[in-house]
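8 protein chains.
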Amino acid sequence: MAEKSWNVYLSGEIHSDWRERIEAGIREAQLPVQTSAPVTDHAASDDAGTGTLGEEDEGFWRDHKGAGVNAIRTQTLIRDSDVVVVRFGDKYRQWNAAFDAGFAAALGKPVVTLHDGEFDHALKEVDRAAFATARTAEQVVDVLRYVIEGKLPA
Amino acid sequence: MAEKSWNVYLSGEIHSDWRERIEAGIREAQLPVQTSAPVTDHAASDDAGTGTLGEEDEGFWRDHKGAGVNAIRTQTLIRDSDVVVVRFGDKYRQWNAAFDAGFAAALGKPVVTLHDGEFDHALKEVDRAAFATARTAEQVVDVLRYVIEGKLPA
Amino acid sequence: MAEKSWNVYLSGEIHSDWRERIEAGIREAQLPVQTSAPVTDHAASDDAGTGTLGEEDEGFWRDHKGAGVNAIRTQTLIRDSDVVVVRFGDKYRQWNAAFDAGFAAALGKPVVTLHDGEFDHALKEVDRAAFATARTAEQVVDVLRYVIEGKLPA
Amino acid sequence: MAEKSWNVYLSGEIHSDWRERIEAGIREAQLPVQTSAPVTDHAASDDAGTGTLGEEDEGFWRDHKGAGVNAIRTQTLIRDSDVVVVRFGDKYRQWNAAFDAGFAAALGKPVVTLHDGEFDHALKEVDRAAFATARTAEQVVDVLRYVIEGKLPA
Amino acid sequence: MAEKSWNVYLSGEIHSDWRERIEAGIREAQLPVQTSAPVTDHAASDDAGTGTLGEEDEGFWRDHKGAGVNAIRTQTLIRDSDVVVVRFGDKYRQWNAAFDAGFAAALGKPVVTLHDGEFDHALKEVDRAAFATARTAEQVVDVLRYVIEGKLPA
Amino acid sequence: MAEKSWNVYLSGEIHSDWRERIEAGIREAQLPVQTSAPVTDHAASDDAGTGTLGEEDEGFWRDHKGAGVNAIRTQTLIRDSDVVVVRFGDKYRQWNAAFDAGFAAALGKPVVTLHDGEFDHALKEVDRAAFATARTAEQVVDVLRYVIEGKLPA
Amino acid sequence: MAEKSWNVYLSGEIHSDWRERIEAGIREAQLPVQTSAPVTDHAASDDAGTGTLGEEDEGFWRDHKGAGVNAIRTQTLIRDSDVVVVRFGDKYRQWNAAFDAGFAAALGKPVVTLHDGEFDHALKEVDRAAFATARTAEQVVDVLRYVIEGKLPA
Amino acid sequence: MAEKSWNVYLSGEIHSDWRERIEAGIREAQLPVQTSAPVTDHAASDDAGTGTLGEEDEGFWRDHKGAGVNAIRTQTLIRDSDVVVVRFGDKYRQWNAAFDAGFAAALGKPVVTLHDGEFDHALKEVDRAAFATARTAEQVVDVLRYVIEGKLPA
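Protein chains in written order, with the working numbering: chain A, 1360 to 1513; chain B, 1360 to 1513; chain C, 1360 to 1513; chain D, 1360 to 1513; chain E, 1360 to 1513; chain F, 1360 to 1513; chain G, 1360 to 1513; chain H, 1360 to 1513.
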């Protein structure tokens, strides 16, 4: 009988290596996890609409067009996921990360937030709707290993 | 036959008078709208957990406790609403506003965002999931009047 | 004990008097029915976005903005309805009427189509998803009276 | 770990080669996409009911019978799909395409519309409910490649 | 505070006085119950389609047309109900009663079956999906009184 | 890319060879269909509860116990199915077949009924909720082949 | 505009006065709350099935019959509720209280648990799924007042 | 064509060998069943939160943190399951088992309870919501074999 493969969506910050660290940890722990994420190439993501469907004069509609194309990816992958990890970093406002957390929570998906303590108060509603709040990418891997294999870190 | 009463939830920024302006506009236009909102008394909102269920030593759990109590209100009112207006201001990170937008969108609720143009790029995913983006509270009232009565501003 | 009030949404053609005829029939038959509809003032409907939220240079986005505002109304009223009547006339392409029918059908709402026999073949998939196909506004009233009061026309 | 295979349903016009062009583009780009569609043999589609379940005298019921059999296919494949592309061409009224778009939208499926600019105004409600509007089959492939692989056209 | 009014749908047999006995019992016990039912005038029910939408030559389509109109009523009222009572008598096959029971069960509605012991074996799957099986209309009233007021018969 | 495998649940009559004929037709046509069904060994089905969980004195509870065990199978397989075929024969009352049809319809599953013309009037509500009504097992295979491969019988 | 009336279901322990204390607090605070509960007359609740539908010889089926009748009430009221309060006392095992909490949580209802600290470890999974954990009936009233009126205790 | 693989979640008691006995029976009967369960290492389960996400001073929050991590596993596996078996033993209060039963029931999952007769009265509501109540692990295997293969024990 085939082992369950877990789909874990990694939402949020795209300017640090937290995804790579989680993926490295998953490989090292040999967890049956398939990760997915939004397009993390910032420039490509900003051009998602105009680069595929043609230019726009107005910034608002240029963004709107791109966000629609990005949402085809993100909403599909969130609906497909077993767990949604949402990372909040110190740059930018990352409202889309919080949006994803709300979207996932309303669908009944377990959300794991990942952020430093400095954001605890600002993120209290998001953290409350989450099933766990981690401080490091390594803790997220520890949570996944426990959730999937029942093993705690040594 | 009774006229439909519209429930409009007003999520987001709590440090400006945008809710009062929308409510004044609704009264002036005599729209059959019932508004609801999170608790907008910042101090009370922060004490929602400890003020009702007892003190906590740790800031994280103090926030967690309060956010749980606040969520009883906010999730219930969002589920009850016909339209969810989400306001993003220039103070604080307002991740809870974006969370509410995602939560509402996943439930199929029409979302109207309300923010200045300076946040257009940062909010593009949220605006794309919304049915309309307004710049002023008065525009929100204009949208509601049109939606309910089919009348445009003179 | 209060009698059930039926919400009937009247989707589709806005250039003939079919809604008025259904509403007159409902009044005459004294049925406990509350009708709702999209904004049927064609000019207002086209200006729904720009008239409330500000001008747009491009026709596509002008329409897009208006359609978003209109959708706040139409999707809310369709979700609130017990029965959705969809009228196809001989003018315009009326793709929004067919869209509403599909939207309502996926939500499990009983759809009644209203159109002439000349469109039978073109509308076969929509008619098949409907619970009834009427030829005249008076037949729709007859269906509603039967559905609500169990009485057939004399 | 297996790569996600995307199910893309291609709804609408059956008298041009847009499906073949999308499928050729998918093959060329080696995208992990499985396409599906209604039965596109017009004559077979019209005979779907009578050809399998026996003749009918009346045209309306002949169509009705066929549309029921076709709906077993189309509704199942739309429910199974990740993305629904809906093509509107210049022939016929294509109300079934708009119906499919409404059906998919109510299920929360990302819809991509594909049509020329001449239909922009008539399709504004459908386009607003869609996540993207493309002008050519090649743009649809570009959108799919970006959505799946995060790559924009060179 | 307003007392909850319970909607009870009475499905099934139309050739005995079981509905009247339940309704009399509800009145006598002064229960806050609003009953609804399919159209129980057998002749009207058979003519539901042709009497409202025009004649049909073929019996199958005549029935089909009528069943569609009847379903607007029955599916709407079942979706609106708190409890669905389904009566199986000794005449006719009453497949529509069993269909209603299955429909209600899949929606999570509490079903109460009402039938003589002679049908116990034939109805075992339906009874298992029900929350209670009654032998008499009076027992149904006793169940409703207990459910609503917590009172058992003296 | 893997071809979609269709799950077809075969509900109803267990005293004729209609399932074998459908399965033979599927094999002959080499359709990618996986069939499932209730337990069709009548004696085993009647003993489903007492044969696994221990004897019961009372007939009603013996049936109840068995029906619960059978429902684990039937409800799971219906939820897993793409299409539900429901056969009504001339023996027994087959209320469970009609129950399955109602259960499947409420879940949005396409239902195909299979029965002789003599039951048309008694089954009109069930047939109306179905997407197709077949007279022979071979017609069901023809429908499946068309639905899956788009091919009509020669 | 009418104030929202909150439906609060009070599940669990039936051998102490916690419900009366909550209801007294609601009255005193003049909150727009309508409470509901399972039948709290222990003897009546145990006889719910046999007292309405006739005697049973076997204890298991006697309980089964009663539990079915009770479930008509409890599941309906939980589905109708905005908030579900679940009380765990020191007597009996109260598995039905935990069952109600799980049922409510899966439906997305905000759950508030009410129990002494001695059960914290045993109830940790239930408390985690809850939005708040109270120690006294008065705290539940404080939570409801804050949730509804935004006011903290003095 | 691939045989359906059944996912069976084994909830409840972790201090006896009932899971091993069910799994041994499944292997012996060569059933296509994949079992899953909560983490059954009691110490690990208690440390699920602090062992992965860092220590806590307060017992309540230590439990809360752990229960959140455990819920990522249990809610995901229950949502993935075809059948949920819930075991109640004589140690501890096992409110989480009853919670899982309620959660599964609200999702429409067939629940099988497993417990001795001494708990029949205390578990009557849970047993009523279940599709079957077994006394031994072997009976659960018998039920699964019958459900999957239609075979009763010799």
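What the hints contain is simulated information worked out from the structure, not anything from laboratory work.
Mixed in with the good hints, there may be bad ones.
Derived EDC-like pairs (lysine to aspartate or glutamate); straight-line CA-CA distance at most 20 Å [as the list claims (entries may be wrong)]:
no., chain 1, residue 1, chain 2, residue 2
1, H, Lys1450, G, Asp1400
2, D, Lys1510, A, Asp1449
3, C, Lys1450, C, Asp1405
4, C, Lys1363, B, Asp1475
5, C, Lys1510, E, Glu1497
6, H, Lys1363, F, Glu1382
7, B, Lys1450, A, Glu1379
8, D, Lys1363, F, Glu1382
9, B, Lys1450, B, Glu1417
10, D, Lys1363, D, Asp1439
11, A, Lys1450, A, Glu1477
12, E, Lys1363, G, Asp1376
13, B, Lys1510, C, Asp1405
14, A, Lys1510, H, Asp1405
15, G, Lys1450, G, Glu1362
16, C, Lys1363, C, Glu1508
17, F, Lys1450, E, Asp1479
18, A, Lys1450, A, Glu1379
19, H, Lys1363, H, Asp1475
20, F, Lys1363, D, Glu1477
21, H, Lys1363, H, Glu1508
22, C, Lys1450, D, Asp1405
23, E, Lys1510, G, Asp1400
24, C, Lys1363, C, Asp1439
25, H, Lys1363, D, Asp1479
26, B, Lys1363, G, Glu1362
27, A, Lys1450, A, Asp1475
28, E, Lys1450, F, Asp1479
29, B, Lys1450, B, Glu1415
30, E, Lys1450, E, Asp1405
31, A, Lys1510, A, Glu1362
32, D, Lys1450, C, Asp1405
33, D, Lys1450, D, Glu1414
34, D, Lys1363, A, Asp1439
35, H, Lys1450, H, Glu1417
36, E, Lys1510, E, Glu1497
Covered stretches of chain G, as calculated for chain H (at least 3 residues, CB under 8 Å) [as the list claims (entries may be wrong)]:
no., segment
37, 1363-1373
38, 1384-1391
39, 1500-1509
Since the model is a prediction, treat every value here as computed from it, not as a measurement.
Yeah, the Cβ is synthetic: ideal placement off N, Cα and C, and Gly gets one too.
Checking one constraint from the list: CA of C/Lys1450 to CA of D/Asp1405, max 20 Å. Satisfied? violated (25 Å)
For the pair we were handed, B/Lys1510 and C/Asp1405, check the Cα-Cα distance against 20 Å. Holds. B/Lys1510 to C/Asp1405 sits at ~12 Å (cutoff 20 Å).
Holds or violated: C/Lys1363 to B/Asp1475, with C-alpha atoms at most 20 Å apart: violated (45 Å)
Given the proposed pairing of H/Lys1450 with G/Asp1400, does the C-alpha separation stay at or below 20 Å? violated (28 Å)
What's the verdict on E/Lys1510 and E/Glu1497, does the C-alpha distance respect the 20 Å limit or exceed it? holds (14 Å)
Can you confirm whether the C-alpha distance between F/Lys1363 and D/Glu1477 stays at or below 20 Å? violated (36 Å)
CA of B/Lys1363 to CA of G/Glu1362, is that 20 Å or under? holds (15 Å)
Sort out whether A/Glu1362 lies within 20 Å of A/Lys1510, counting only the CA atoms. Cα-Cα ~16 Å, so holds.
Take the segment 1363-1373 of chain G, compare each residue's beta carbon with every beta carbon of chain H, and decide whether three or more fall closer than 8 Å. violated (count 0)
Between E/Lys1510 and G/Asp1400, does the CA-CA distance stay at or below 20 Å? holds (9 Å)
Starting from D/Lys1363, check that the Cα of A/Asp1439 is at most 20 Å away, please. holds (10 Å)
For F/Lys1450 and E/Asp1479, compute the direct alpha-carbon distance and say whether it is at most 20 Å. holds (17 Å)
The structure is inconsistent with the numbered hints 1, 2, 4, 5, 7, 8, 9, 12, 15, 19, 20, 22, 25, 29, 32, 33, 35, 37, 38, 39, although it conforms to all the rest.
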